[in-house]
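*Asks:* The listed protein sequences derive, respectively, from chains A and B.
Each residue of the first sequence is one higher than the last, beginning at 1 in the numbering used here.
Each residue of the second sequence is one higher than the last, beginning at 1001 in the numbering used here.
One thing to keep in mind: the hints can contain errors.
[To be verified] If you want the footprint, here are the derived chain A segments under chain B, 3+ residues with CB under 8 Å:
#: 1; region: 117 to 126
#: 2; region: 217 to 226
[Stated by the list, open to error] Listed below are the simulated BS3-like cross-link pairs for lysine-lysine, each with C-alpha atoms no more than 30 Å apart in a straight line:
#: 3; chain 1: A; residue 1: Lys226; chain 2: A; residue 2: Lys176
#: 4; chain 1: A; residue 1: Lys265; chain 2: A; residue 2: Lys147
#: 5; chain 1: A; residue 1: Lys147; chain 2: B; residue 2: Lys1168
#: 6; chain 1: A; residue 1: Lys150; chain 2: B; residue 2: Lys1168
Please keep in mind that the hints were generated in silico from the structure rather than gathered at the bench.
For glycine and all other residues, C-beta sits at the position ideal for the given N, C-alpha and C.
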Amino acid sequence: MPQQRKAETYCLHGITIAILAAILIIAKAPIAVANDETWQDIRASLYGSDRVIHDGEGVIKLDAPDRALDAATVPISVTAEMEQTEEHYIRAVTLVIDENPAPVVGTFHLFPGNGIANISTRVRVNAYTNIRAIAETSDGELYMAQKFVKASGGCSAPASKDHDLAMARLGKMRLKQIGAWRKGEPAEGQFMISHPNYSGMQIDQVTQLWIPARYVRSIELTLGDKPILRFEGDISMSENPMVRFFVRPDAEAELHAKVVDSDEKTFEQSWPIELDPAS
Amino acid sequence: MEMREKGRGDLKEAPSFHPIASSPVQIPRRAFLCTAAVFAATAFTKTAGSIAAEAHLPFIEIADGVFVRYGVQEEMSAANCGAIANIGFIVGDESVAVIDTGTTLQQGAALREAVASVTSRPVSHLIATHVHPDHCFGHAAFSDLPVHSIGHRNLPRALAERGPFYLKRLAEISPDFSDTAYVAPEETVSDTMRIDLGNRPLLLKAWPPAHTDNDLTVFDERTGLLWAADLLFAGRLPTLDGSLTGWLAALDVLLSPDVRQVVPGHGQVSDGVETLQEELAYLTRLRDGVRAAIDEGLDMSATLARLEDDNQLDWLLYDTNHGRNVVAAYTELEWE
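So that you can see chain A by itself, here it is in the shape it has in the complex:
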């Protein structure tokens, strides 16, 4: 009965596929669970275990390279897919790198007056890991976008390339206006501060000599009396912390930066912004 044999063959194929699928699922399960456990712990510490985190689609998008080229400096950017209005806006974006020693990079607090809630920065990536951006909207809902990033190869390390320079230049700040800034329109800026953002280490196992941790704990940017962003962070931010942000200038004013590090040292500077005369 050729017909019947065919049916049996199909049936066997079906079983084979089912078994293969089962093997695949079983084989993959431990990894998925392990990764998820890391994240569940981080999530519980950040938000408690009862808050729902929605899929980020339509709210935020996360861009990061597939592979970290340099473990010390991985550019990531968060793009807001919803408009910032006084009624409904993204009020905070938290970045998490699951497999880093200090997984929470930090939280950027954002404000509706700036028009666009995009943020980009640079982080250290120690291992193959999920990177997550969790947005909290003004109504208290959470939305998450994530991306898996492969660790860098070669001799790349999440470490300083020129330690003496990093310490010598500590506290120096730069502000850059990206493109022309026009009155009443969202415009992009870049802030950076030279700082080792350093996790601390034991330098000599015999003498127990330590170089203590020294990292940027907060960054606060204001334009005149309007808040632009406030960042609270940790050692996963790259050396020389950098952030690109949006601001909507109403008039010529001074942009002010205040940075506090883990030694409770405060760095402050102001820059007059330039507005395009056409505006």
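We have chain A; now place chain B onto it with these hints.
*Replies:* Relative to the frame of chain A, chain B by itself:
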């Protein structure tokens, strides 16, 4: 010439094939397999500018009493046992200086066997050229010997910060590497240091940040040989992990008039002139390209996209390392 004869007095004949494999001394099986695998991997690598032709002799006497094991021009892997850097030793009238020990304990042990196969003089100095694991992570193979362990002033700090991370990476590449450890130098060089192996003075020089912030070179006055380590890459793309402007400044003065022969950290030994010109061309182009992008307000990702495909000199391992160099250059030059 008399000095040369004297220097070689009790040197055994340079080995004709594989000094380790033909050595009567028992070597650990894993170490043997590892060196054999490197031999096989190298013999069948036929890439432009590769060192395949020489690789059948893991330790080659490239100058009077100077022995080099060429690393393969690849990324570290289990198959090549991480043997990717040039390592070796210099024999004086009384003792031996080892310069870099490779990536693993096995490579360090193989190097120690190679020394024993050509001379009975003891190893007196163990020199690390910089923090990268392909150069100095075989040091532990010499831990039981009363040697002067020497490195750049910044090397202990760099090892403390990066060492544990590198060990984790090595263990991921192969379980065979998991018994590797790093050893910080006991003596450090801030500017220059002179050591003598018996009628064979070596001048050690600590450089300002260039390839890394802990680069050390060794100059052998007898032969005019400069062990430049990773201040020079031949064939394989240089990797930036220190200061681009510092490295360019170092290249201006690296080949002093008394240098006749150069051992690069990777690739062929030569008089160094062409190797230096190629590296200078690459690093200068990298600096100018990144500077221009920063001036135009391009962010790091846009700069990478613009400069990613720019392999002018057919460098080996360009695709795996150039992007990282762009990132490193960007983070340095944005503060100019």
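*Asks:* Below or equal to 30 Å on CA atoms is what counts here, so check Lys150/A against Lys1168/B.
*Replies:* Given that 30 Å is the threshold and the Cα spacing comes to 15 Å, the pair holds.
*Asks:* Per the coverage rule (Cβ-Cβ under 8 Å, at least three residues), is the region 217 to 226 of chain A covered by chain B?
*Replies:* Violated - the region 217 to 226 of chain A has 0 residues with a Cβ nearer than 8 Å to chain B, which falls short of three.
*Asks:* Can you confirm whether the C-alpha distance between Lys265/A and Lys147/A stays at or below 30 Å?
*Replies:* 34 Å, violated
*Asks:* Would you check the hint for Lys226/A and Lys176/A, treating anything up to 30 Å between C-alpha atoms as holding?
*Replies:* Satisfied, since the Cα-Cα distance of roughly 18 Å is no more than 30 Å.
*Asks:* Are there at least three residues in the region 117 to 126 of chain A whose beta carbon sits under 8 Å from a beta carbon of chain B?
*Replies:* Answer holds; 3 residues pass the 8 Å Cβ test.
*Asks:* Going straight from one Cα to the other, do Lys147/A and Lys1168/B come out at no more than 30 Å?
*Replies:* Holds, at roughly 23 Å.
Hints 2, 4, counting from the list given before, are not met by this structure.
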